[in-house]
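Protein chains: 2
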Amino acid sequence: MTEKETKNWEKFFRVTNSDEFDYAKFDPDATPGLSDREEAKAIQAVNTERMHDLQERLYAENKQALLIVLQALDTGGKDGAIRTIFGPLNPQGVQVTSFKVPSAQELAHDYLWRIHQHTPPKGMIGIFNRSHYEDVLVVKVHRLIDEKVVRKRYAQINAFEDHLQENGVKILKFHLCISRDEQRKRLQQRLDKPDKHWKFSRNDLAERARWDEYVEAYQAMLRNCSPASAPWYVIPANKKWYRNAIISQIVADTLAKMDPQFPPPEEGLDKIVIPE
Amino acid sequence: MTEKETKNWEKFFRVTNSDEFDYAKFDPDATPGLSDREEAKAIQAVNTERMHDLQERLYAENKQALLIVLQALDTGGKDGAIRTIFGPLNPQGVQVTSFKVPSAQELAHDYLWRIHQHTPPKGMIGIFNRSHYEDVLVVKVHRLIDEKVVRKRYAQINAFEDHLQENGVKILKFHLCISRDEQRKRLQQRLDKPDKHWKFSRNDLAERARWDEYVEAYQAMLRNCSPASAPWYVIPANKKWYRNAIISQIVADTLAKMDPQFPPPEEGLDKIVIPE
Numbered sequence: 001m002t003e004k005e006t007k008n009w010e011k012f013f014r015v016t017n018s019d020e021f022d023y024a025k026f027d028p029d030a031t032p033g034l035s036d037r038e039e040a041k042a043i044q045a046v047n048t049e050r051m052h053d054l055q056e057r058l059y060a061e062n063k064q065a066l067l068i069v070l071q072a073l074d075t076g077g078k079d080g081a082i083r084t085i086f087g088p089l090n091p092q093g094v095q096v097t098s099f100k101v102p103s104a105q106e107l108a109h110d111y112l113w114r115i116h117q118h119t120p121p122k123g124m125i126g127i128f129n130r131s132h133y134e135d136v137l138v139v140k141v142h143r144l145i146d147e148k149v150v151r152k153r154y155a156q157i158n159a160f161e162d163h164l165q166e167n168g169v170k171i172l173k174f175h176l177c178i179s180r181d182e183q184r185k186r187l188q189q190r191l192d193k194p195d196k197h198w199k200f201s202r203n204d205l206a207e208r209a210r211w212d213e214y215v216e217a218y219q220a221m222l223r224n225c226s227p228a229s230a231p232w233y234v235i236p237a238n239k240k241w242y243r244n245a246i247i248s249q250i251v252a253d254t255l256a257k258m259d260p261q262f263p264p265p266e267e268g269l270d271k272i273v274i275p276e
Numbered sequence: 001m002t003e004k005e006t007k008n009w010e011k012f013f014r015v016t017n018s019d020e021f022d023y024a025k026f027d028p029d030a031t032p033g034l035s036d037r038e039e040a041k042a043i044q045a046v047n048t049e050r051m052h053d054l055q056e057r058l059y060a061e062n063k064q065a066l067l068i069v070l071q072a073l074d075t076g077g078k079d080g081a082i083r084t085i086f087g088p089l090n091p092q093g094v095q096v097t098s099f100k101v102p103s104a105q106e107l108a109h110d111y112l113w114r115i116h117q118h119t120p121p122k123g124m125i126g127i128f129n130r131s132h133y134e135d136v137l138v139v140k141v142h143r144l145i146d147e148k149v150v151r152k153r154y155a156q157i158n159a160f161e162d163h164l165q166e167n168g169v170k171i172l173k174f175h176l177c178i179s180r181d182e183q184r185k186r187l188q189q190r191l192d193k194p195d196k197h198w199k200f201s202r203n204d205l206a207e208r209a210r211w212d213e214y215v216e217a218y219q220a221m222l223r224n225c226s227p228a229s230a231p232w233y234v235i236p237a238n239k240k241w242y243r244n245a246i247i248s249q250i251v252a253d254t255l256a257k258m259d260p261q262f263p264p265p266e267e268g269l270d271k272i273v274i275p276e
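Respectively, the protein sequence lines represent chains A and B.
Here the first sequence stands for residues 1 to 276, numbered as in the numbering used here.
Here the second sequence stands for residues 1 to 276, numbered as in the numbering used here.
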């Protein structure tokens, strides 16, 4: 691919509120702009270096934060993406939060209460494995709230994210999109490999049976929660190497745009000699 | 070194309450059992693999946690140890907490309140960059509490750690020990390298002037907070490669002893075929 095309990845996968993102037409198997695994690995390696350097600056600067939200259907690759893309970074500057079924205490509060507690502080990269978006996805699919509430929540979430971004927390949202058949293969693999059994639950089958409802919920959410300031990126994720290369590219480019700077040194440091 | 000696590292660097650990006699430049950087790097690489596999089991098992406490004088290498030793692990299973000067809210509570909030949940490895031990170190050196309170705190800390360990949180405590001259070199380097200026503060000089008082506080703490169930390990840390090899060895050995197991699969998984 040409360099021009590479630079358009961010735009290529970005969803906008104004368009009518069509889940049915999206190809999770596609690998636009990359010919093979080797090319993808090389791009990811470069981006790992870039992220590593930019992360140190972000931490030193201590003024901005980056929040990365990962959403996917079961087996979509959130865990793998976190391990592979963000594993090489300095763990001191990364905090991963996996949101599970809410606790009784969490349910006693509004649905953004627990989320807000885990937004990254200045200098940090926060990664959400699932997020507040579950409250317009699983909760919608299981009809725990009605459509009116869902629509209110889209607006509340947009407002919450605006608030975070106005206060120094840049947000990047990735939906890892896999096909129904790819999910079948991955679930079957979990059954076939004894050391992956722990990742399988019978409930996965019940959720898989609701595939079409999830797709509908994702489509509505993607269309309603992609303002220009905090768009979703839908990443073709059937091929892990493609997913990793594209996400690492968008994250590294975003950090570069945030342009974190080492803070200016105190005056007169050059005159100091450390005493014996 | 012989394999037998290697296996004794854990014992070699372990402090016990009954002995009279003598800080003045400890050599931070020593590298017992390892001849050079290459040998150390090879050992660390093996331990990285071991930790990686054991971490996955720990996470899958979801029954025990490991808490690693790092304490050192300024420039002792806590940040570097975290980046180098734990950087390669899955960030989803590691949480690093850096304890800074307590906030007003934290000061409104007892000194273990903020610590307890950051102990690792089941399945996780928690890393403390500084810890509750600051409350018997910096606080003692600056005479914010008197000796009677310090002695009470040793006992309270031992009791707190007992409680954690009885409830599934295994604790490993490492003091990275550098020499006064090594600190001088490292502080000078921060002054000499513009991209390290942000790590230097004039306050570091004031703290360095209290070197002997810190050594005294460390020695008292090490002697009083090393019960057989939760001993301190004092690691010679002038040579980073030695520090990294030894810590990775003790952590990997400890995880191996914790012996985390993949949970047993639900019954009848072998009969399931994932539907189209």
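Take these hints with a grain of salt, some might be off.
Identical copies carry no separate label here, and so any pair may be met within one copy or between two of them.
As the list claims (entries may be wrong) - Distance condition first, Cα-Cα at most 27 Å in a straight line; then the derived DSS-like pairs of lysine-lysine:
no.	residue 1	residue 2
1	K239	K148
2	K148	K240
3	K11	K193
4	K100	K122
5	K25	K196
6	K100	K170
7	K100	K25
8	K152	K122
9	K196	K122
10	K11	K196
11	K25	K193
12	K122	K185
Honestly, the hints are just simulated from the structure, not real lab data.
Tested hints:
1. K239 x K148: neither (37 Å within a copy, 63 Å between copies)
2. K148 x K240: Classified as neither: same-chain Cα gap 37 Å, cross-chain 59 Å, threshold 27 Å.
3. K11 x K193: Intra 38 Å, inter 38 Å, cutoff 27 Å: neither.
4. K100 x K122: both (25 Å within a copy, 14 Å between copies)
5. K25 x K196: This pair counts as neither: shortest intra-copy Cα distance 32 Å, inter-copy 50 Å.
6. K100 x K170: Intra 23 Å, inter 24 Å, cutoff 27 Å: intra and inter.
7. K100 x K25: neither (30 Å within a copy, 50 Å between copies)
8. K152 x K122: So K152 and K122 fail the 27 Å test inside a copy (29 Å) and across (36 Å) alike.
9. K196 x K122: between (36 Å within a copy, 19 Å between copies)
10. K11 x K196: neither (36 Å within a copy, 36 Å between copies)
11. K25 x K193: Intra 33 Å, inter 53 Å, cutoff 27 Å: neither.
12. K122 x K185: The answer is neither: 40 Å in one copy and 30 Å across copies each exceed 27 Å.
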